[in-house]
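Participant: Each chain is listed here by its residues.
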Amino acid sequence: MRSLMNPLDLSVEEIDELIDTANDIIENPADYFEKCKGKKLAVLFYEPSTRTRLSFEAAMYELGGEVLGFSEANSSSAAKGESVSDTAKTVSCYADIIAMRHPLEGAPYVASRAGSIPVINAGDGGHNHPTQTLADLLTISREKGRLNDLTIGFCGDLKFGRTVHSLITALSRYTGIRVVLISPDELKLPGYIRRDVLEKNDIPYTQTEDLVSSIPELDILYMTRIQGERFSDRDEYNRLKDSYILTTDKLEGAKSDLAVMHPLPRVNEISIAVDDDPRACYFKQVRNGKYIRMALILKLLGLSKSKHEIIEQTDKSVYVKNILTCKNPRCISSCEQELAHIFKLTDPEAGVCRCIYCEAIADKRFDYIAGEVIKA
Amino acid sequence: MRSLMNPLDLSVEEIDELIDTANDIIENPADYFEKCKGKKLAVLFYEPSTRTRLSFEAAMYELGGEVLGFSEANSSSAAKGESVSDTAKTVSCYADIIAMRHPLEGAPYVASRAGSIPVINAGDGGHNHPTQTLADLLTISREKGRLNDLTIGFCGDLKFGRTVHSLITALSRYTGIRVVLISPDELKLPGYIRRDVLEKNDIPYTQTEDLVSSIPELDILYMTRIQGERFSDRDEYNRLKDSYILTTDKLEGAKSDLAVMHPLPRVNEISIAVDDDPRACYFKQVRNGKYIRMALILKLLGLSKSKHEIIEQTDKSVYVKNILTCKNPRCISSCEQELAHIFKLTDPEAGVCRCIYCEAIADKRFDYIAGEVIKA
Amino acid sequence: MRSLMNPLDLSVEEIDELIDTANDIIENPADYFEKCKGKKLAVLFYEPSTRTRLSFEAAMYELGGEVLGFSEANSSSAAKGESVSDTAKTVSCYADIIAMRHPLEGAPYVASRAGSIPVINAGDGGHNHPTQTLADLLTISREKGRLNDLTIGFCGDLKFGRTVHSLITALSRYTGIRVVLISPDELKLPGYIRRDVLEKNDIPYTQTEDLVSSIPELDILYMTRIQGERFSDRDEYNRLKDSYILTTDKLEGAKSDLAVMHPLPRVNEISIAVDDDPRACYFKQVRNGKYIRMALILKLLGLSKSKHEIIEQTDKSVYVKNILTCKNPRCISSCEQELAHIFKLTDPEAGVCRCIYCEAIADKRFDYIAGEVIKA
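Line by line, the protein sequences give chains A, B and C. Per our numbering, the first sequence starts with residue 1, numbered consecutively. Per our numbering, the second sequence starts with residue 1001, numbered consecutively. Per our numbering, the third sequence starts with residue 2001, numbered consecutively.
Check before you lean on any hint, since a few could be wrong.
Some chain B residues judged to face chain A by a derived CB distance under 10 angstroms, without partners named [stated by the list, open to error]:
1) I1026
2) S1071
3) S1092
4) A1095
Label pairs and their computed distance ranges (CB to CB) [what the hints assert, rightly or not]:
5) B:R1330 <-> A:E229: 42 to 52 angstroms
6) C:G2038 <-> A:K241: 17 to 27 angstroms
7) B:K1255 <-> C:T2346: 44 to 54 angstroms
8) B:P1029 <-> A:I26: 28 to 38 angstroms
9) B:D1024 <-> A:G253: 30 to 40 angstroms
Here are the simulated EDC-like cross-link-like pairs (lysine to aspartate or glutamate), alpha carbons at most 16 angstroms apart as the crow flies [what the hints assert, rightly or not]:
10) C:K2089 <-> B:D1031
11) C:K2089 <-> B:D1275
12) C:K2089 <-> B:D1276
13) C:K2037 <-> B:D1277
14) C:K2305 <-> C:D2024
15) C:K2305 <-> C:D2020
16) C:K2037 <-> B:E1034
Note that these hints are calculated values from the structure, not bench results. No residue lacks a Cβ here, since even glycine has one placed at the ideal position from N, Cα and C.
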């Protein structure tokens, strides 16, 4: 059994395979009508997210399976304070695979360790949302015919935008990628992503505040929403906000085969008028999201004709158990009962450890001499 | 693709066809078990309505299809402020047909224009609820064997009762209809319906405050609830309320083949004791509601053996875009982003225009010389 | 048609039959994949209970049926004040069987009398929860190979624990049962259960405050949660609470084939560490709960190959209608409109009557001379 917490849990080959399966589903849907007959997907949504939930449900139904679960914590045992682990163990008796959305980082990971069926992370707080990234990759692949040799502009809130961080990281494994970071100064891409992802992988990038002048060179324009609340300076916000709203005239200088993407839901950052432009791909993303989820469900249930043997990566890393404590208040370890605090030693020289649930860096340096070494 | 917003969107022939299909389903249910296999109904209920939602769900399941969606706005993207149009475009990627309930008038119409799949209006505020009316027509047809030559009494709140207005309008297209309007003076049928529907179609009607003396002549008695809040004069309410509660003794003077109907849910306006009377048809209405929805789903999905070719009515009316503004605070145009304000010139001589979403009359006279003419 | 309100509605033979069916399902699941094809289960949950609801849904899906309903009252017509009877009559038009959870005692019973399809009580306030008891019996039967000759310890809140009262009552019909009641003095088993169930059936029992010293003699240890709120004396609570938390070391003296059970959800009354002990059976209970519900659905739909002819017990008891009034504020008769107050004369000599909905004892003595005798 294998779960999906993070897009990088999948090798480039496995992602290619998922994309191939998704394309085959799109071309031959009838071949898949009964693939999951008798199987059940449990959608455990501790916070509402209609788009993501309905996408998973549609995916399972188009595979001939059934769906059960809940769409809000208050209609769930969570209201009675049941732990995520117990819920996962219980639901393992009712379903064949879980898609979990949770406000706390690492909650789906805890579920995948406690339960006996595959778990798909459908969004854990501001941490990960791998199926969104897979939908983005499928869309790029279908629109451009490749995942290499692309100039991709990311526009809007690059500081807090989880989908942006995740897609940049996923793209960093391909060749010939160029990135244009378009945002107000206050919402620039965090330094650690620039360093650990872009620079570390020698991905050329530029940073600018100007959307219009950046558009002509782009193959992909990935728009995101700018929330006024993010600005310390209200005037600054009012000065800038319109310049990050994509309109038909801003698209005039763009390539004829530009692909405009957006994770949705949008508020007003893309004018409705743009929807009719053939370069608008954000609703194609929605459809692709369903198909890649179908491919993923098949893969995790072992039902896809896989070229690759799926095996758990045996992990030689050092793990530190109940020595360090995660200080991230949004980490599942802050409330799940009797949950061990486990950190992975990610940089032995520097003594840097990261929480295995939320990946937050430990507040203390850990010098490894002899710690309890466990398998995560 | 065709949607259903208003019972009058359907011709009398199409309604006959739906009734024929419903009757065939009732007689040969097994013929329909797999009709919608592989199809999905999206129930998008922005406000709760268990009866209507479960009726649609049961209908789709009895056709072999699947159901997804939400039963309250707070478990939907709407909470994140997504527009109805974007939700409709998204759900078009997940389902084959939509049943939408929304507190704002015209919201399902906006969805039908934005999405790429049929939309059924499952109730938009106080505006329309066409499947209730279709259920009423099927019930009358089954109980009386005809939709012509009937004396129908409407009792209760005729002023605010949406189902009453809608059924009267639907019946106005049949011959030999007589209407008895039974209500307190404060809750009389609005003048515009008496004039534009009853009088315009030469339908004889009487108005009375007295239920008991009206019953003997009736073929159908359509009961509705009287809400105390509607009365300005509390004493008046207390004086009248019991006289509009249907009891077994009030039924003594009635015809032996009277059909007592009620849209449900009831509070206390029909005594439970009446349920055992063979003339009580309100739970038959519930069952018929399921069957007519099955027929409607089949028709809109193009799966019914239709005698009539379904074609969009080409519409020669004049539409006024972004010149007049709808002042109805319950109209979807009051909050949907970038939604054009479009009015239909319903009375060119008088310069009367109606909002295409909620049908409210424009607050300004519009003298048509040359306005932008668009296809609704 | 027959409904299940109380575990004792089933004879010992019928319970054996359900257990046989459940075991057959576990061994030959494929034989049951299509048993309920075309059937619909309505889950009417007026209060949230994810575990129970998902168990019913999984059960129906594994039988090839469909599910509809609601998981909270606020997304149901109940919000509009519809009576339970009307909802049951309506849902009888949409589904083939109902599983109802309701905060008011007797509500599912009212539904079973009003509707035309079988109703399963999925928990009515503090009153009954028969499918939990059936799951417990199946688990005991599978773990121990018998329901006779067992020493069973009940630990925790024995005063308010509905599942405990219900299981003790169900076990009282078997032979060779010994009961050990382990609880703080404040939460002892109510006297009426000790008298009317244990003593009346000559079941030997002991009462103790000490879990550890009781464990060695037990075949079954049934743990329940102790809620601090239940204690009048906070210090008393703090003194005791840890002694009722089951830990691995407390299990040291236990039999090697002890079965540790818990109705779940747990809070902290069983340490997570115990989960890995082979004697931990509470997640097996979850799985068994699904299988016994499958067996029950089949039985109530008349789809199980039954050795016993299912017949309504003809009831010669005396019922008192609208003479006594139920004073239990949690009884459905306190709010359901036009619901007759009906009491069953359970002890003619003493003039004791019990409400047929919630089984509360009437506050007045009723001396039977001639009362209206009706069929419940």
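Participant: Hint by hint, say whether it matches the structure.
Facilitator: A quick look at each hint next to the structure:
1. Annotation: interface hint on I1026 (chain B) violated; nearest CB of chain A at approximately 27 angstroms, more than 10 angstroms.
2. Hint on S1071 (chain B) holds. Least Cβ distance to chain A is approximately 9 angstroms, under the 10 angstroms limit.
3. Of the supplied interface hints, the one on S1092 (chain B) holds, with its beta-carbon coming within about 8 angstroms of a beta-carbon of chain A, less than 10 angstroms.
4. A hinted interface residue such as A1095 (chain B) counts as satisfied when its beta carbon comes closer than 10 angstroms to some beta carbon of chain A; here the least separation is about 7 angstroms, so the hint holds.
5. Restraint check, R1330 (chain B) to E229 (chain A): a C-beta distance of roughly 29 angstroms breaks the suggested window 42 to 52 angstroms.
6. For the hinted restraint 17 to 27 angstroms between G2038 (chain C) and K241 (chain A), the CB-CB distance of approximately 55 angstroms leaves it violated.
7. Taking 44 to 54 angstroms as the suggested C-beta distance range, the pair K1255 (chain B) and T2346 (chain C) conforms, at roughly 47 angstroms.
8. Between P1029 (chain B) and I26 (chain A) the CB atoms are about 35 angstroms apart, so this pair conforms to the stated range of 28 to 38 angstroms.
9. Under the hint 30 to 40 angstroms, the C-beta atoms of D1024 (chain B) and G253 (chain A), about 59 angstroms apart, miss the expected range.
10. For the proposed pair K2089 (chain C) and D1031 (chain B), the alpha carbon gap of about 26 angstroms is over 16 angstroms, so the pair is violated.
11. Distance hint between K2089 (chain C) and D1275 (chain B) is fulfilled; the C-alpha atoms sit about 10 angstroms from each other, no more than 16 angstroms.
12. The hinted pair formed by K2089 (chain C) and D1276 (chain B) meets the criterion: a straight-line CA distance of about 12 angstroms does not exceed 16 angstroms.
13. This hinted pair does not check out: K2037 (chain C) and D1277 (chain B) have alpha carbons roughly 34 angstroms apart, beyond 16 angstroms.
14. Our distance criterion of 16 angstroms between C-alpha atoms is met by K2305 (chain C) and D2024 (chain C), whose separation comes to about 11 angstroms.
15. For the suggested pair K2305 (chain C) and D2020 (chain C), the alpha carbons sit about 11 angstroms apart, so the restraint of at most 16 angstroms is met.
16. Between the alpha carbons of K2037 (chain C) and E1034 (chain B) the distance comes to roughly 11 angstroms, so the proposed pair stays at or under 16 angstroms and holds.
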